[in-house]
Structure formats: structure tokens, C-alpha cells
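Below, each chain spelled out in residue letters.
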Amino acid sequence: EIVMTQSPATLSVSPGGRATLSCRASQSIGSNLTWYQQKPGQAPTILISGASTRATGIAARFSGSGSGAEFTLTINSLQSEDLAVYYCQQSTNWPWTFGQGTKVEIK
Amino acid sequence: EVHLAESGGGLIQPGGSLRLSCVASGFTVTSDYMNWVRQPPGKGLEWLSVTYGAIWSGRTYYADSVKGRFAVTRDTSKNRLFLQMNSLGAEDTAIYYCARGMGVFDSWGQGTLVTVSS
Chain U
1 EIVMTQSPAT LSVSPGGRAT LSCRASQSIG SNLTWYQQKP GQAPTILISG
51 ASTRATGIAA RFSGSGSGAE FTLTINSLQS EDLAVYYCQQ STNWPWTFGQ
101 GTKVEIK
Chain P
1 EVHLAESGGG LIQPGGSLRL SCVASGFTVT SDYMNWVRQP PGKGLEWLSV
51 TYGAIWSGRT YYADSVKGRF AVTRDTSKNR LFLQMNSLGA EDTAIYYCAR
101 GMGVFDSWGQ GTLVTVSS
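Listed in order, the protein sequences are those of chains U and P.
Quick note: the first sequence, position 71, residue 71 per my numbering, numbers continuous.
Quick note: the second sequence, position 31, residue 31 per my numbering, numbers continuous.
Source of the hints: derived by calculation from the structure; they are not laboratory data.
Using N, Cα and C, we set each Cβ at its ideal position, and we do this for glycine too.
Some hints could be false.
[To be verified] Just a sample of chain U residues kept apart from chain P, beta carbon distances all over 12 Å, derived:
1. 15
2. 67
3. 79
[Unchecked claim] These stretches of chain P come out as covered by chain U in the derived footprint (C-beta under 8 Å, 3 or more residues):
4. 34-48
5. 51-64
[As the list claims (entries may be wrong)] Label-pair distances were calculated between CB atoms; the ranges are:
6. U:80 with P:3: 21 to 31 Å
7. U:107 with P:61: 13 to 23 Å
8. P:58 with U:11: 39 to 49 Å
9. U:16 with P:73: 44 to 54 Å
10. P:54 with U:7: 34 to 44 Å
11. U:26 with P:43: 38 to 48 Å
12. U:93 with P:53: 31 to 41 Å
13. P:43 with U:83: 13 to 23 Å
Using the sequences and the hints given, assemble the complete structure.
Rendered as C-alpha cells:
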């Protein structure tokens with residue numbers, strides 16, 4: 001099983017600031033990496049697939065990068081509505097696995 | 001517009017069984033990949049199963065944690081997916097989501113809460 005490790009567990013960022021979230025896979029997964037956003041009390045929604053392709057309707061201030069085993073989600077110009085837990089997930093091998101999540105707080 | 005809605009959750013005693021339902025609109029469950037994902041209260045996400053569309057075999061593959069206890073079926077006439085859960089234990093307490101996609105989950109339902117407790 002591929003283990004996905006996210007850091008930090010919690011990130012506190014001021015409005016208008018930048019949030020940088022990391023995700024590491026226990027082995028190379030190519031670009032088979034998806035990021036999801038889960039706002040409080042809601043189901044997850046897709047943000048980015050293929051490590052760097054924004055889903056339909058996702059703002060350009062969300063960007064993803066990386067390949068192999070190291071990935072990054074960057075949120076520029078952070079807004080209050082970005083308060084959420086962000087999960088990465090690999091789809092290279094079964095079972096598909098998620099990271100434990102990074103909680104983004106607004107300072 | 002794609003929409004998914006789960007139902008059937010509730011309080012169940014350890015060792016019991018429960019069947020969850022996921023009704024889809026905006027697409028046909030038999031022509032797409034459908035998944036179940038769960039989330040224990042306050043914790044992270046765990047993928048449970050994927051069911052291939054009928055044109056790709058229609059088979060279901062399960063995570064080891066639920067293999068042999070959980071089973072997915074479909075009601076094509078009502079565009080619905082079911083998750084039959086047997087031999088439930090406290091570790092199965094979670095919000096259960098259905099989600100569409102082959103490894104990339106582009107649509108999710110709102111989830112249904114299953115609580116296993118005596």
C-alpha cells in the first residue's frame with residue numbers, strides 16, 4: 001500500500017497570504033495525484049488532478065506541482081472561504097490512498 | 001448536472017448489517033466508475049471500493065479492510081448503487097460517501113453517517 005504523508009498538519013495563514021501544502025508518497029506515483037478540499041461539515045470536492053490540472057471552476061489561485069513522490073499545493077491570495085482541510089490522494093496503485101490532511105486556518 | 005445522494009445510515013449494533021444507497025442523476029451509474037469512500041468522525045478519508053461500468057466488466061474491487069464483509073450492487077432501473085455492510089464493528093463508524101471516477105473522484109455525495117454502537 002502506498003502511504004501518503006501530508007505536512008504540516010495545520011497551517012495558519014493571513015488573508016491575502018500564501019499557503020504551501022506538501023504531500024509525499026512512499027513510492028513514485030508519477031503524476032497520479034489529486035487534491036481535494038473539504039470545508040467544515042461538507043463532503044470533499046476535487047481541486048486538482050494529474051498533480052497540476054485544476055478541476056472545472058477552480059480558481060487560478062490554486063495551483064499544484066510535483067511528480068514522482070513529492071507534491072505541493074499552493075494557495076495564493078488566501079481568502080476566508082479557503083478555510084478547509086486539504087487532502088492529497090494517489091491513484092497509481094490499489095488501494096487508492098489519501099494523506100491525513102492539512103487543515104488551513106485563517107489568522 | 002451530476003448529483004449524488006446517499007441514504008440508509010443510522011445506528012446499528014456491533015455484528016449487525018446495514019445497506020446504504022447512492023442515487024445518481026446527470027449520468028448513468030452503469031456506464032461510469034463508482035466508489036465508496038468513508039470518513040470516521042474527525043478523521044481522514046479511506047477508499048473502500050470501485051465498481052466498473054458495465055462496458056468495462058461491471059466488477060467491483062474492494063479494500064482489504066472491507067473485503068468479504070461489504071458488497072456493492074446496482075439497481076440500473078433506478079440509477080442507484082448500494083453498499084451492503086455485514087459484520088459491522090465500531091471501526092466501521094464513519095460518514096460514507098459515494099463518489100464517481102476511476103481513481104480521481106470528480107463528484108461526491110453529501111454522505112450518510114453510520115454509527116456502530118451497542
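Requested in this report: Please test the hint of 44 to 54 Å on the beta carbon pair from residue 16 of chain U and residue 73 of chain P.
Outcome: About 49 Å separates the Cβ atoms of residue 16 of chain U and residue 73 of chain P, which means 44 to 54 Å holds.
Query - Status of the stated non-contact between residue 15 of chain U and chain P (beta carbon gap over 12 Å) - result: holds, 26 Å
**Report entry** Distance restraint hint 21 to 31 Å, applied to the beta-carbon atoms of residue 80 of chain U and residue 3 of chain P
**Finding:** Holds - the Cβ-Cβ distance for residue 80 of chain U and residue 3 of chain P, about 27 Å, lies within 21 to 31 Å.
Report task. With respect to the beta-carbon atoms only, verify the hint that residue 26 of chain U and residue 43 of chain P lie 38 to 48 Å apart. Result -> violated, 20 Å
Requested in this report: Decide, holds or violated, for the assertion that all CB atoms of chain P are farther than 12 Å from the CB of residue 79 of chain U.
Outcome: Consistent with the label, residue 79 of chain U stays out of reach of chain P, its closest Cβ about 22 Å off (over 12 Å).
Query raised in the report: Quick one: are residue 58 of chain P and residue 11 of chain U within 39 to 49 Å, going by C-beta?
Result: holds, 42 Å
Query raised in the report: Beyond 12 Å from every Cβ of chain P: is that where the Cβ of residue 67 of chain U lies?
Result: The assertion about residue 67 of chain U holds, with a minimum of 16 Å to chain P.
Report task. Using the Cβ atoms, figure out if residue 43 of chain P sits within 13 to 23 Å of residue 83 of chain U. Result -> holds, 19 Å
Query raised in the report: So does residue 54 of chain P sit 34 to 44 Å from residue 7 of chain U, Cβ to Cβ?
Result: Cβ of residue 54 of chain P to Cβ of residue 7 of chain U: about 41 Å, so the range 34 to 44 Å holds.
Query - Three-residue Cβ test at 8 Å for the coverage of the segment 34-48 of chain P by chain U - result: Held - the segment 34-48 of chain P has 4 residues with a Cβ nearer than 8 Å to chain U, which meets the minimum of three.
Requested in this report: Determine whether the Cβ-Cβ distance between residue 107 of chain U and residue 61 of chain P falls within the hinted range of 13 to 23 Å.
Outcome: Once the Cβ atoms are compared, 43 Å apart, the range 13 to 23 Å for residue 61 of chain P and residue 107 of chain U is violated.
Query raised in the report: the segment 51-64 of chain P covered by chain U? Criterion: 3 or more residues, Cβ-Cβ distance below 8 Å.
Result: holds (count 3)
Violation of the numbered hints given earlier is confined to hints 7, 11, 12; the remaining hints are satisfied by the structure.
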